[in-house]
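> Residue-level listing of the chains:
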Amino acid sequence: MLLIHCPYCDETLPEAEFTYAGQAHVVRAQDPSSQDDGQWEDFLFMRENARGPHYERWRHFHGCGRFFNAVRDTVSDKFLTTYKAGDARPDLSSLLEGQE
Amino acid sequence: MNAPVPAFSTDASAGTSVVRVTTAAPCARLSLRARGELGPLEAALGLDLPRRIGARAEVGETEVLCLGPDEWMLRGPEAVAPTIRAACDEVYKTHPMSLVDVSGREVTFVIEGTSAAELLTLGCPRDIDRLAVGEGRRTVFDGATVVLWRDATDRFRMDVWHSFAPHVFDLLATGCRELAAEAA
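Protein chains in written order, with the working numbering: chain H, 256 to 355; chain C, 3 to 186.
There's no promise every hint is true.
Said to hold, decoys possible - A short list of chain C residues far from chain H (calculated; beta carbon distances all over 10 Å):
hint : residue
1    : A46
2    : L51
3    : S100
4    : V135
5    : T155
6    : R159
To be verified - Per label pair, the in silico range of CB-to-CB distance:
hint : chain 1 : residue 1 : chain 2 : residue 2 : range
7    : H       : G320      : C       : S165      : 13 to 21 Å
8    : C       : T155      : H       : H280      : 41 to 49 Å
9    : H       : G320      : C       : R87       : 28 to 36 Å
10   : C       : G106      : H       : G353      : 47 to 55 Å
11   : H       : Q278      : C       : R37       : 26 to 34 Å
12   : H       : R302      : C       : V61       : 47 to 55 Å
13   : H       : G341      : C       : E180      : 43 to 51 Å
14   : H       : D292      : C       : S11       : 53 to 61 Å
Don't read these hints as lab results, they were simulated from the structure. Yeah, the Cβ is synthetic: ideal placement off N, Cα and C, and Gly gets one too.
The whole structure should be built from the sequences, with the hints applied where relevant.
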């Protein structure tokens, strides 16, 4: 079972308490009516399907209930970091350096 | 088919020499959500709201457990609910918050005995030993969200929603027998 660090509870807890919630940093346009069909398609349906580090959202469902962001390697299933929702996207190269 | 709620006896109990599960008497439970300045709210309630998730505070017979960054569970004797609601209504005009009476939503199981912590490992993936005495957490027990309160090394309270209660109780009762068989 994966152990996931919840940035709100500040504890590393079993995966069974968490739910996956899709790709992170998908931003809805400030002015939705100005978007054309192609832009809506990108926003609604186009996701990265990364092989390697992936920025994604998780929710501490059976706990504090909060959504937060994580960087997880989709090959090794290893979490590089987790951070609070709304925080800036952490720089990938420094995360990878920290792992070695 | 789902069993109707009254099918679960509110005085269910099970137990052996090593661990015992009983159903606690009904109490008042209030779910509080508030953000921003908490000072006026604390002054009205007459207690300090713990800020760290899992921390508890107690004033008289009223207990508060911090469940999330902006969420608390208040519990106490049934008579205190109107007092707390009146206090919060006063502050609401200047500091909007959400206070919901959820007394009828769940039942509490008291789990005590030398093997109480071991019994919980049956359905809870957390490391129970890391839950300090005098704290509490919302967690999962065999798929159902529960709130665990640790009152002593060998005494826990578990708040379970009514619809999950028969399943959780049956699992705990089976666990009691298993642990007793191991000890024998």
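> Against the structure, test the hints numbered earlier, and report the numbers of the ones violated in rising order.
The structure conflicts with hint 9 only, although it agrees with all the remaining ones.
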